[in-house]
Amino acid sequence: MCLSIPARVDRIDGHMAVCTVGESSYEASLEMLDMSEIQVGDYVLIHTGFALQKLDEEEALETLKTFEEFRNLNKDLDIEEQQHNTRIT
Amino acid sequence: MKHIDEYRDKELVRLFAEEIKKIASRPVKIMEVCGGHTMSIQKFGLPYLLPENVELISGPGCPVCVTSRKYIDQAVAYSRLPDVIITTYGDLLRVPGSTSSLDQEKALGADIRIVYSVLDALLIAKSNRRKKIVFLGIGFETTAPGSAAAIIKAAMAGLRNFFVFSAHKVMPPAMEALIDEGVMIDGYLGPGHVSTITGEKIYYPIPEKYGLGVVISGFEPVDVMQSVLMLVQQIENKTPKVEIQYTRVVKPEGNLKAQQMMEEVFEFRDDWWRGLGVLKNSGLKIREQYARHDAEQMIEVEVEETIEPKGCICGEILKGIKKPKDCKLFGTVCTPTDPVGACMVSNEGSCAAYYMYNR
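Residue numbers (this note's numbering), protein chains in the order written: chain A, 1 to 89; chain C, 90 to 448.
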């Protein structure tokens, strides 16, 4: 019931936005958001015809950066483990 | 697709699983209280990637599953009235009532229409002024603001033939009730989209009163694995708190505009949950000011006596005490095409998710 995926805003017409998810397009009401903050190209979370939140690009990048650091740290540990032939925990 | 593919990276999922294994020193049970998480966890086979001492259990997070049979029976009764059109999300159609279901009533000729949004129900009300349009308002804090918005619109537009039959519920009382009942868990995977609306503050009592952590999680496999890691870290360090993993969507304060709409239209009432019974202030009732759009107050109907199905352990499954496979009916008498209990109907119900991905 609470499932929702990010959709790209393609057009804004008054309170309504036309958004795309993959190849499909949906209409969504923007009335639950601060409309002045929504622009074409933004991603929003649509649920049962309403955009519930704007995706925060900065936070998304921050999360992806954390993932990258985590991945690199693991690579470094792998190399270290191989060099010393021990398991680091 | 942007904002999805990045969070389905196989390698990252594996790395998180390894990290969890490294730090989890004792057995822990983590409960997910959102049906969307249950679906995702089963779909991506996450339990098989976690170490044996980290167990994920499903909670009461599927709205269709926790809704009473009496609600279905009353919806069926409304659908039998000649001047009523029922509008509903698709999930409810096949949920068995005591002697019928909306699906069966539709086959018998009742005017029951599946809508994608409550806004579509408003349009149906506009073009069918002589009929009473009853929208079946089901769901937690994610869907309740939509129903509230529709009621406000109907009131403003003078659409006197639009009614909501509310079974809306709020999540925190159920999360507290489970712990009070003695269900043994070590932390909660917080519902991502409920929290998009409510923000994090509704969960503060859980670490404060019960010493358990809540990590508000996204729905992709990397999101879930990172959230599990965050919870295991909290458990190991004995620092239970509310944290947000799903920061790209969930703001600490939530969506204030949606909260205001809910507050404007609904007030709390005690409500019945399958498996948990009556929980104080866990349901949403339409306020007196909007009573004109409340189906319960405006449309009189006789409802048959409730008959609960025999052998169905849906209630215990919703509490995380039993798993679908513990039920004698699972996969034999009870299947998605011919469900006995609600947990097998909704595709986010535990039984349906297990049937589809983990049989």
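Derived from the structure by calculation, the hints contain no laboratory data.
We treat Cβ as the ideally placed atom computed from N, Cα and C, and that holds for glycine.
Fair warning: there could be bad hints in the mix.
Straight line, CA to CA, 25 Å or less: simulated DMTMM-like cross-link-like pairs of lysine to aspartate or glutamate [unchecked claim]: (1) C:Lys99 x A:Asp78; (2) C:Lys340 x A:Asp78; (3) C:Lys99 x A:Glu59; (4) C:Lys414 x C:Glu394; (5) C:Lys242 x A:Glu69; (6) C:Lys99 x A:Glu68; (7) C:Lys110 x A:Asp13; (8) C:Lys132 x A:Asp13; (9) C:Lys340 x A:Glu62; (10) C:Lys91 x A:Glu37; (11) C:Lys330 x A:Asp13; (12) C:Lys242 x A:Glu80; (13) C:Lys215 x A:Glu27.
What the simulated footprint calls covered on chain C by chain A, stretch by stretch (three residues with Cβ under 8 Å from a Cβ of chain A suffice, anywhere in the stretch; the number is not a length) [what the hints assert, rightly or not]: (14) 92 to 100; (15) 224 to 236; (16) 281 to 295; (17) 329 to 338.
Per the computed footprint, the stretches of chain A lying under chain C, defined by three or more beta-carbons under 8 Å from a beta-carbon of chain C, are [claimed, not checked]: (18) 2 to 14; (19) 29 to 38; (20) 66 to 72; (21) 77 to 86.
Against the structure, the hints:
1. Using a Cα cut-off of 25 Å, the hinted pair lysine 99 of chain C and aspartate 78 of chain A holds, with the two alpha carbons roughly 18 Å apart.
2. Straight-line distance between C-alpha atoms of lysine 340 of chain C and aspartate 78 of chain A comes to about 36 Å, which puts the hinted pair past the 25 Å bound.
3. Simply put, lysine 99 of chain C and glutamate 59 of chain A have alpha-carbon atoms about 22 Å apart, close enough for the 25 Å limit, and the pair holds.
4. Simply put, lysine 414 of chain C and glutamate 394 of chain C have alpha-carbon atoms about 30 Å apart, too far for the 25 Å limit, and the pair is violated.
5. Between lysine 242 of chain C and glutamate 69 of chain A the CA atoms are separated by roughly 48 Å; this puts the pair beyond 25 Å, and the hint is violated.
6. At roughly 14 Å between alpha-carbon atoms, lysine 99 of chain C and glutamate 68 of chain A fall within 25 Å of each other, so this suggested pair holds.
7. Pair hint lysine 110 of chain C plus aspartate 13 of chain A does not hold up; C-alpha atoms about 50 Å apart against a cutoff of 25 Å.
8. Taking the CA atoms of lysine 132 of chain C and aspartate 13 of chain A, the gap is near 37 Å; set against the 25 Å cutoff, the hint is violated.
9. At most 25 Å may separate the alpha-carbon atoms for a hinted pair to count; lysine 340 of chain C and glutamate 62 of chain A meet this at roughly 14 Å.
10. For the hint pairing lysine 91 of chain C with glutamate 37 of chain A, the CA-to-CA distance comes to about 20 Å; that is within 25 Å, so the pair holds.
11. Our distance criterion of 25 Å between C-alpha atoms is broken by lysine 330 of chain C and aspartate 13 of chain A, whose separation comes to about 42 Å.
12. Among the hinted pairs, lysine 242 of chain C with glutamate 80 of chain A is inconsistent with the structure: their alpha-carbon atoms are about 63 Å apart, more than 25 Å.
13. For the suggested pair lysine 215 of chain C and glutamate 27 of chain A, the alpha carbons sit about 19 Å apart, so the restraint of at most 25 Å is met.
14. Requiring three or more residues with a Cβ within less than 8 Å of a Cβ of chain A, the coverage given for the segment 92 to 100 of chain C holds, as 5 such residues are present.
15. Chain A is given as covering the segment 224 to 236 of chain C, and this holds because 7 residues of the stretch bring a CB closer than 8 Å to a CB of that chain, at least three being needed.
16. For the segment 281 to 295 of chain C, the assignment as covered by chain A holds, since 5 residues bring a beta-carbon within under 8 Å of that chain's beta-carbons and 3 suffice.
17. With 3 residues carrying a beta carbon less than 8 Å from a beta carbon of chain A, the segment 329 to 338 of chain C meets the three-residue requirement, and the given coverage holds.
18. Requiring three or more residues with a Cβ within less than 8 Å of a Cβ of chain C, the coverage given for the segment 2 to 14 of chain A holds, as 6 such residues are present.
19. Counting residues of the segment 29 to 38 of chain A whose C-beta sits closer than 8 Å to any C-beta of chain C gives 5, which meets the bar of three, so the coverage hint holds.
20. Coverage of the segment 66 to 72 of chain A by chain C holds [criterion: at least 3 residues with CB-CB distance below 8 Å; count 3].
21. Interface restraint, the segment 77 to 86 of chain A with chain C: violated (0 residues with C-beta to C-beta distance below 8 Å; minimum three).
In summary, the numbered hints that this structure violates are 2, 4, 5, 7, 8, 11, 12, 21.
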